[in-house]
Amino acid sequence: MITISKLIKAFGRRPVLRGIDLEVPAGQSVALFGPNGAGKTTLIRIIAGLSKLSSGQVLLGGQDAQKAGPALRRYIGFVSHSPLIYDSLTAEENLHFFGRMYETPDLPERINQVLEQVGLAGRRKDVVRTFSRGMIQRLAIGRAILHNPPILLLDEPDTGLDQQAADMLRKLLVELGSGDRTVLLTTHNLERGIEWADRALILNGGRVRFDAATGDLGGGHFRRIYTETVGGV
Amino acid sequence: MSYLRKVLAIVWKDVRAELRTKDILSSMLVFAGLSVLIFQFAFDLRADNVRLVLPGVLWIAITFAGVLGLNRSFILEQDRGSLEGLLLAPVDRSAIYFGKLIGNLLFIFAVELLLLPLMTVLFNVWLLSPALLLVVALGTVGYAAVGTLFAALSINTRAREVMLPILLFPVMVPVFVAGVQAVSRLLDGDSLADIVRWIQLLVAYDAIFLAAAMLLFDYVVEE
Chain A
6 MITISKLIKA
16 FGRRPVLRGI
26 DLEVPAGQSV
36 ALFGPNGAGK
46 TTLIRIIAGL
56 SKLSSGQVLL
66 GGQDAQKAGP
76 ALRRYIGFVS
86 HSPLIYDSLT
96 AEENLHFFGR
106 MYETPDLPER
116 INQVLEQVGL
126 AGRRKDVVRT
136 FSRGMIQRLA
146 IGRAILHNPP
156 ILLLDEPDTG
166 LDQQAADMLR
176 KLLVELGSGD
186 RTVLLTTHNL
196 ERGIEWADRA
206 LILNGGRVRF
216 DAATGDLGGG
226 HFRRIYTETV
236 GGV
Chain B
3 MSYLRKVLAI
13 VWKDVRAELR
23 TKDILSSMLV
33 FAGLSVLIFQ
43 FAFDLRADNV
53 RLVLPGVLWI
63 AITFAGVLGL
73 NRSFILEQDR
83 GSLEGLLLAP
93 VDRSAIYFGK
103 LIGNLLFIFA
113 VELLLLPLMT
123 VLFNVWLLSP
133 ALLLVVALGT
143 VGYAAVGTLF
153 AALSINTRAR
163 EVMLPILLFP
173 VMVPVFVAGV
183 QAVSRLLDGD
193 SLADIVRWIQ
203 LLVAYDAIFL
213 AAAMLLFDYV
223 VEE
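Chains as they are written, first to last, in the working numbering: chain A, 6 to 238; chain B, 3 to 225.
Hints are computed from structural coordinates only; laboratory data are not their basis.
Accuracy of the hints is not assured; some may be wrong.
Covered by chain A, per the in silico footprint, the following chain B stretches (three or more residues, Cβ under 8 Å) [what the hints assert, rightly or not]: (1) 15-22; (2) 71-85; (3) 88-102.
We treat Cβ as the ideally placed atom computed from N, Cα and C, and that holds for glycine.
Based on the provided sequences and hints, a complete structural model is requested.
Below, the structure written as structure tokens:
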């Protein structure tokens, strides 16, 4: 569960997040939309512990993310624009390394499971630099879920993917979002985000401008809401 | 034990990646070898003056080759975006520092392992005595300790490749002075007991900067 209250983040004098209040219950999948510069990535990075907040509070499973020790980072799986993996190691070596860093139990078996899940079992011994963008992104997701985190943060995981790779990613995300895992995803693809998530948020100018369940937002309805909220796309 | 396992995992990752790409070692080795050859031609080193110049040549070759490796070790992490993957791991960030430090030390030691015999042959001066190896090892530890910290600091600056030597070399002066003086005295025939003052300086420098870097690394990599 993620609880964010009165979150403000400024870079120097420039405010990026201007008072975010948000509660994401365990098991919910949330798609976070907004134009470039809205603060989506900053918000995700603060939740992941990669960026400090200026004021406010972020609680992960009831623990203050900024004050808790490194152990809290075990609760989080993070997929960013960059894959956060090593292109001179093989897929298996990457997962082995991160598994050791997260002290993942039964690591060899878990690596097998994850490679099967992301469809890379046949390429496990191949060096990552020989992978396509879609394969790298799937391995990045594999790295993020290797330690089975209860919270998964995905910052535009579909960026730069072709349609086929994006479809594969969507299937994978649906699978990952099932169960008790809390998932927060940012994307510029409105249809894909709405299809995938339980709840949609629109962030603009550092504030949450729209927050609703995705059930009633299909058929172009959400695109109209988005256009009205962010002032034209 | 968990802390140590994570430090060793980072070392394993860096060594494994380097053995596959040879990005760091190849540039360091070529640079160190070429610089020694250039010094030999430039100074026309003969038996009567070689002992005066050799300690300086040795430390310059180690320093300049080392700075290439130190720079690359964090630039590769930064450019591939993998540093954030490390920062996300549930481990005290000093473990990341020590992992990177040990990796850097192994690479610099590997260069020295080839550099010292090469210089012994080229200059016909025995550079493989245990006392001299101890001095070089202590100096290298201090150099890598500060260099690893400053390499992490400089990767977020605009002129990052230039920034590291600018930050690092002034802080390294005590190591260079102690290293050059100790090697010089050893080449003159002094024993380890005669240079204990310089050894103590190197040990103190290593201890102080290892402790300081361990405490500061978290702030250096923080956004």
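So, going through the hints one by one against the coordinates:
no.: 1; hint: 15-22; verdict: holds (count 4)
no.: 2; hint: 71-85; verdict: holds (count 3)
no.: 3; hint: 88-102; verdict: holds (count 8)
Every hint, counting from the list given before, is met by this structure.
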